[in-house]
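Sequence order for the protein chains is A and B. Mind the numbering: the first sequence is residues 73 to 198 in our numbering, read in order. Mind the numbering: the second sequence is residues 62 to 270 in our numbering, read in order.
Check each hint, because a few of them may be wrong.
As the list claims (entries may be wrong) - What the simulated footprint calls covered on chain A by chain B, stretch by stretch (three residues with Cβ under 8 Å from a Cβ of chain B suffice, anywhere in the stretch; the number is not a length):
{"hint": "1", "region": "78-85"}
{"hint": "2", "region": "132-146"}
Said to hold, decoys possible - Just a few of them, taken from the derived set where beta-carbon distance is under 10 Å, the chain B residues facing chain A:
{"hint": "3", "residue": "Leu172"}
{"hint": "4", "residue": "Leu173"}
{"hint": "5", "residue": "Leu258"}
Hint data in this document are derived by calculation from the structure and do not stem from the laboratory. Quick caveat: nothing in here was measured; it's all calculated off a predicted structure. All C-beta atoms in this analysis are idealised placements derived from N, C-alpha and C, irrespective of residue type, glycine included.
Next come the chains, spelled out residue by residue.
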Amino acid sequence: MPTTLLRHIRPGDWLTLGLGIFCVVFITFRLWTGEQADKAIIRSGGKLFREVPLSRNQTIAVPGPLGVSMIAIENRRVRIASDPSPRQYCVRQGWLQQAGEIALCLPNQVSVELVGSHKRYDSLNY
Amino acid sequence: MRIEDLVKPNSHTLTCISREGVDLPQSSILNPQSSQDTHSSILLHTTAEDHHIARMAAVALGLTLLEGAIPSPLPGVKPGLANIVTLIVLARYGWRAAAWVSLLRVFAGSLLFGNFLTPGFFLSLSGALLSLLVLALAQHLPRRWFGPVSHSIYAAFAHITGQMLVVYLWLIPQAGIAYLIPIFAAAALVFGTVNGLVAARFMDNAETK
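If we strip away everything but chain B, and leave its shape as in the complex, we get (with noise of 0.2 Å):
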């Protein structure tokens, strides 16, 4: 399945998002059948709207695979390809739903490499609820100026923000570390522009098609 194909907004998915959930597929994390016999089994109803959201995270999920292929010549320096879906979640959907693509991502990357409550999860939890913090007030900017490439550039730098303070206050709390900074700041402003060019390309393709 192409990236695209996941990304776009069907009509389907947009029609029966509600809270209160008009849950279409009806899901359950066990046997339909199963639920009947037993009594305790647990029924989770599931909206189309988290059918969407977990289908992002996937994405997401994906793309932070791929990068984990992509060497790297400082650790910690990454593109963040997966920030790209949390953008492009971020416009089309609101915050909401990309804070949840986000924080599922980083929770289900590190059971998936291993990593979960080790350093390197606290490291991209941090630098990711910062980013959500700085997206929830950057989403506000008026739209004919600002756009995915603001957003991108502005989340990058919260994301290396959030992750050095990881790094000083708890990881290795010395002043060398400093001597990096520089470095970071560089390649977020670098990736983040790339990876707000590409969303803000990726969403006038699928507008335009």
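This is chain A alone, in the form it adopts within the complex (with noise of 0.2 Å):
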């Protein structure tokens, strides 16, 4: 039955396959090649709140102008555990662990982006 279905298959198509494999990797490669995050920055009404390491778990409360958000650090991962912002997308974004995820509560103000040992860079220079 295979060969029957690969007739279906003309050049050009194996030439779009090729392609599509090909993109697919690379934007995995480009999106998923994050390094481990040691510490999380953690932002409310724009200006930084705290930087705290991820090695110790522990939960920081955060004010907003709607109220207290809940971070949680747990086993170097970090979450919003709760969130006064109405649709919570923030806080069902779940556990980031990676270094660049990023977590907004925009109606709260508040945010908590995860980043590595050394800092990526934004631009060079020479």
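Using the supplied hints, reconstruct the complex from the two chains, each of which is provided in its own coordinate frame.
The structure is reproduced here in structure tokens:
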């Protein structure tokens, strides 16, 4: 049966398929080669609230205009445990563990971002 | 009624497709009798092509409904079975008919599922619009080399691109969503290929029969 199925794939279709596989692999490498994160940067109202290492499990209360957001750190992962925002996007985002991942609670103006030991460059000049 | 009966190009439909509208099966939304009595009634002249498009959209709608019953590991990762119909319509009746079928499916589907004008609706709409745009270009690829499989893959990638744009620009404007893109892209590739194969195989079967 597989040979009859392959009959439907024309030469150009193989090209398309190859291109598609290349794109998927490229995107995956581009987006998923995150390094280990080792600290969390917590911001509130656009200002730095605290920088916490991920080595110790703890819960941090961050005040915002709507109320208090709870940020939990556990086993080198971090998540927004609770937040007063109406749609709860940041809470539902779940655990963050790679450097560069970020959870934003826009209504309460609270965000938590993970960074690695060496910060990735925004730009380079020579 | 089997899907094949609906999709098979019967000679009747083919002969009476014309822009002017031979309108063989003329029908109105109201009763023909009542339209003679009252002057204000609206008579919709429908062509055989309209009927055909409606039939195809109904098949697509059926497949969408069926797909809703399949559990998905991640919201947004769906096989997109209705696109098989779009691909067949594209290959047989051209881009215009395919656009009609696809958009009718999106609108009628959202009414059916009750998510008209909700974020879910705009996600399907943006996906469908971008797919159609890409298909408008992809259909000009030489037929000898590129078949429904290519069309399907390009359309699938366009679909997730459209959806990602809406998600990123409107619904969840944050970087976190980027981590899911590889999953969506891989799903698009797999389901695009499978749908294309199904469409190609279906059309070959219909021709040899």
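Taking the hints in turn, this is what the structure says about them:
Figure legend: the region 78-85 of chain A, annotated as covered by chain B; annotation consistent (7 residues with Cβ-Cβ distances under 8 Å, at least 3 required). Counting residues of the region 132-146 of chain A whose CB lies closer than 8 Å to any CB of chain B gives 0, so the stated coverage by that chain is violated, three being the minimum. Because the closest C-beta pair between leucine 172(B) and chain A is about 25 Å apart, greater than 10 Å, the hint is violated. With a cut of 10 Å, the hint placing leucine 173(B) at the interface with chain A is violated, because the nearest CB-to-CB distance is about 25 Å.
Interface restraint check: leucine 258(B) against chain A, minimum CB-CB distance 6 Å, threshold 10 Å, status holds.
Violated hints, in rising order: 2, 3, 4; the structure is consistent with all others.
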